[in-house]
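Enquirer: Same order as they appear, the protein sequences are chains A and B. Be aware that the first sequence starts at 98, since it is given in this note's numbering, and climbs by one per residue. Be aware that the second sequence starts at 25, since it is given in this note's numbering, and climbs by one per residue.
Be careful, since some hints might not be right.
[As the list claims (entries may be wrong)] Pulled from the structure, derived: some chain B residues nowhere near chain A, Cβ distances all over 10 Å:
| no. | residue |
| --- | --- |
| 1 | G34 |
| 2 | L35 |
| 3 | T146 |
| 4 | V157 |
| 5 | T178 |
| 6 | I198 |
| 7 | Q286 |
| 8 | L313 |
| 9 | V314 |
| 10 | L340 |
| 11 | G341 |
| 12 | N382 |
| 13 | L393 |
| 14 | Y409 |
| 15 | L412 |
[Claimed, not checked] Straight-line C-alpha distance at most 16 Å; calculated EDC-like pairs for lysine to aspartate or glutamate:
| no. | chain 1 | residue 1 | chain 2 | residue 2 |
| --- | --- | --- | --- | --- |
| 16 | B | K202 | B | E153 |
| 17 | A | K200 | A | D237 |
| 18 | B | K29 | A | D218 |
| 19 | A | K309 | A | E135 |
| 20 | A | K309 | A | E290 |
| 21 | A | K309 | A | E287 |
| 22 | A | K200 | B | E329 |
| 23 | A | K200 | B | E32 |
| 24 | B | K202 | B | E237 |
[What the hints assert, rightly or not] Which residues of chain A face chain B? A few of them, derived with a C-beta cut under 7 Å, are:
| no. | residue |
| --- | --- |
| 25 | V113 |
| 26 | L157 |
| 27 | D158 |
| 28 | S162 |
| 29 | R184 |
| 30 | K200 |
| 31 | S202 |
Hints listed in this document are in silico derivations from the structure and should not be mistaken for laboratory results. Glycine residues also receive a C-beta, built at the ideal position from the N, C-alpha and C atoms.
The residues making up each chain are set out below.
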Amino acid sequence: MPASDELIHLESITKVYGTGDGTVAALQDFSLSVASGESLAVMGPSGSGKSTLMNILGCLDTPTSGRYWFAGQDVSRLNETELAHVRNRRIGFVFQQFQLLPKLSAWRNVELPLLYRNVRDRRSLALQALEQVGLANRVDHRPSQLSGGQQQRVAIARALVTNPDLILADEPTGNLDTASSRDVLAVIRELNEQGRTIIIITHDPEVAPVAKRTVHVRDGRLVEQVAA
Amino acid sequence: MSLLKTIETGLRSLLGHRLRSVLTTLGILFGVAAVIATVGIGQASSDSVTARITSLGTNLLTVTAGSTVSAGVFGGAGSANTLTMSDVQGLQDPQSAPDIAAVAPVSQGRASLILGSANWSTTVSGSTEGWLVTNTRTMGSGTFFNANDVATRTQVIVLGTTTAANLGAGVGDIVLVKQIPFQVIGVLASAGSQGFGNQDDLAVVPFTTAQDELFGGGVQRILLSATSASTIGSAYLEANQILLQTHHITNPSQADFTITTQTQVLSTAQAVTQTLTILLASVAAISLLVGGIGVMNIMLVSVTERTSEIGLRKALGATPLDLFRQFVIEAGMLTALGGLLGVATGLAVGYVVPRAANIAVHITPLPVLVAVGVAVVVGLVFGVYPALRAARLAPIEALRAQ
Numbered sequence: 098m099p100a101s102d103e104l105i106h107l108e109s110i111t112k113v114y115g116t117g118d119g120t121v122a123a124l125q126d127f128s129l130s131v132a133s134g135e136s137l138a139v140m141g142p143s144g145s146g147k148s149t150l151m152n153i154l155g156c157l158d159t160p161t162s163g164r165y166w167f168a169g170q171d172v173s174r175l176n177e178t179e180l181a182h183v184r185n186r187r188i189g190f191v192f193q194q195f196q197l198l199p200k201l202s203a204w205r206n207v208e209l210p211l212l213y214r215n216v217r218d219r220r221s222l223a224l225q226a227l228e229q230v231g232l233a234n235r236v237d238h239r240p241s242q243l244s245g246g247q248q249q250r251v252a253i254a255r256a257l258v259t260n261p262d263l264i265l266a267d268e269p270t271g272n273l274d275t276a277s278s279r280d281v282l283a284v285i286r287e288l289n290e291q292g293r294t295i296i297i298i299t300h301d302p303e304v305a306p307v308a309k310r311t312v313h314v315r316d317g318r319l320v321e322q323v324a325a
Numbered sequence: 025m026s027l028l029k030t031i032e033t034g035l036r037s038l039l040g041h042r043l044r045s046v047l048t049t050l051g052i053l054f055g056v057a058a059v060i061a062t063v064g065i066g067q068a069s070s071d072s073v074t075a076r077i078t079s080l081g082t083n084l085l086t087v088t089a090g091s092t093v094s095a096g097v098f099g100g101a102g103s104a105n106t107l108t109m110s111d112v113q114g115l116q117d118p119q120s121a122p123d124i125a126a127v128a129p130v131s132q133g134r135a136s137l138i139l140g141s142a143n144w145s146t147t148v149s150g151s152t153e154g155w156l157v158t159n160t161r162t163m164g165s166g167t168f169f170n171a172n173d174v175a176t177r178t179q180v181i182v183l184g185t186t187t188a189a190n191l192g193a194g195v196g197d198i199v200l201v202k203q204i205p206f207q208v209i210g211v212l213a214s215a216g217s218q219g220f221g222n223q224d225d226l227a228v229v230p231f232t233t234a235q236d237e238l239f240g241g242g243v244q245r246i247l248l249s250a251t252s253a254s255t256i257g258s259a260y261l262e263a264n265q266i267l268l269q270t271h272h273i274t275n276p277s278q279a280d281f282t283i284t285t286q287t288q289v290l291s292t293a294q295a296v297t298q299t300l301t302i303l304l305a306s307v308a309a310i311s312l313l314v315g316g317i318g319v320m321n322i323m324l325v326s327v328t329e330r331t332s333e334i335g336l337r338k339a340l341g342a343t344p345l346d347l348f349r350q351f352v353i354e355a356g357m358l359t360a361l362g363g364l365l366g367v368a369t370g371l372a373v374g375y376v377v378p379r380a381a382n383i384a385v386h387i388t389p390l391p392v393l394v395a396v397g398v399a400v401v402v403g404l405v406f407g408v409y410p411a412l413r414a415a416r417l418a419p420i421e422a423l424r425a426q
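If we strip away everything but chain A, and leave its shape as in the complex, we get (with noise of 0.2 Å):
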């Protein structure tokens, strides 16, 4: 059972996919623990089960064995459903790609998640997270009007916007220069000294230090772990 300071508990996760003698086991009695306000770096080369490790603290997908406690809550066996409520509630994601709707304005990205959960005053709270992110004068904008960094931005107050627990960036400055990627690094720094929890998952050492401690994940399994 987790501790009570724990938002992300793993306890022996084994991923894999396929089936018969073509199975490929993605992460192996994979055990990690995070703790509520940490910021923690997931590193590791392509291949290594990061991504994979990714999907599972993002309850995007369950493990084959193991158990996934979130929050005090067991996750490893939630359905679909259940596991959309959870995300929805109390998970921010941040994506290499942005993955923002090229046909909704800034805000109205930033707005999609609460329109999943009955919340009112969409709008302000949209606009009070886009604030935080330094984007106030560009929530009209499309994403196409805004540069890479800009969009990221937008992202990370996507992210923020239903005030979750765990702020999960993948690869987020994967697609900027860097200077962006500066920018896109200090606002995810400024949230985890305002106390929330983050996790990012990258092959970029320039990115980890961001993170006050970083793991390295190789063929499925845990190998390291560093305090910066």
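Fit chain B to the given chain A structure using the hints.
Expert: Below, chain B alone, put in the same frame as chain A:
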């Protein structure tokens, strides 16, 4: 996601692909319009047939010579001319036929009528004074010929309004029929043209005159008028009995004549037009089905195209039900829009066609409602499969698709 918000999201997505939405809508539009228009045309022709037949009077019975009806199939109509004037006299006997009000033999042919330089070809009937009553017609001007005219083979003629107008003939004029002069003694009141034929384009002469001077031959058919609509049954039995006797037939199944009531004719005609309407409507319904498949096609394209959007929405907390609803509602909106535009088009066709071409269209509310209902159901049914595909997409796979 709330229903209102789902509808708004759907609208946004449909407006985002305007051309595609319009083309998809067209499929449904034509289907619905076709159903409404064809059923409207069928309804109108059924109405006109019914009106035409009932205008002849529901107490009318027709005795046809020599034709037999076996299992509903006419065999050799007129092959043996078995009706005679003595049949007519027998049927006129008030003793043995108390329920028959009027009797009129008819022998008919086409002939050219000439008045001065005017020339008009029409149907000329030879009949007796009973013609007017049995056909439920009235005189517009002049008089109809009487029993005496029939007995003395008078060369008089009564015209329909169309015939009179085309000849420029009035009461007192002499018209030539097959070179034989006939004096016009009356013009019938107009019965109006209904559907297939014009009941005002005809001429009637005394039966005897027609036999001697025009067509020769015997009685082609005998028109009977029952005393009222409720005595048709007994009039039928009386007429049957009399004719069997005068024809010396003991086995009724070997009768060499047929008696038809207007109700029989009416139900046959209605059955025919109904079959025709059903046939036309099913062709239209198939086009509606094709329109529905078009909707499914477009929704499948839309799901494939928006895979990453679906993935994103799932990651942000959309449940499978949310996505299912979103895509079904989009399909439903496409078909509902197509259905409404189809109703408008169908009504427009119903307005334009009778004015542009001489085809009557009678649109009733039921087929309109049914067509729209079917369109929406088609949209929802054909929207279900694509929507299920969207709902079942795994969020990670969907997110990766770019």
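Enquirer: A separate judgement is required for each hint: does it hold in the structure or not?
Expert: Here's how the hints hold up against the structure:
no.	hint	verdict
1	G34	holds, 13 Å
2	L35	holds, 12 Å
3	T146	holds, 71 Å
4	V157	holds, 77 Å
5	T178	holds, 89 Å
6	I198	holds, 85 Å
7	Q286	holds, 67 Å
8	L313	holds, 32 Å
9	V314	holds, 30 Å
10	L340	violated, 4 Å
11	G341	violated, 2 Å
12	N382	holds, 51 Å
13	L393	holds, 34 Å
14	Y409	holds, 19 Å
15	L412	holds, 13 Å
16	K202(B) with E153(B)	violated, 23 Å
17	K200(A) with D237(A)	holds, 11 Å
18	K29(B) with D218(A)	holds, 14 Å
19	K309(A) with E135(A)	holds, 7 Å
20	K309(A) with E290(A)	holds, 11 Å
21	K309(A) with E287(A)	holds, 13 Å
22	K200(A) with E329(B)	holds, 14 Å
23	K200(A) with E32(B)	holds, 14 Å
24	K202(B) with E237(B)	holds, 9 Å
25	V113	violated, 15 Å
26	L157	holds, 5 Å
27	D158	holds, 6 Å
28	S162	violated, 19 Å
29	R184	holds, 5 Å
30	K200	holds, 5 Å
31	S202	violated, 12 Å
The structure shown violates the earlier hints numbered 10, 11, 16, 25, 28, 31.
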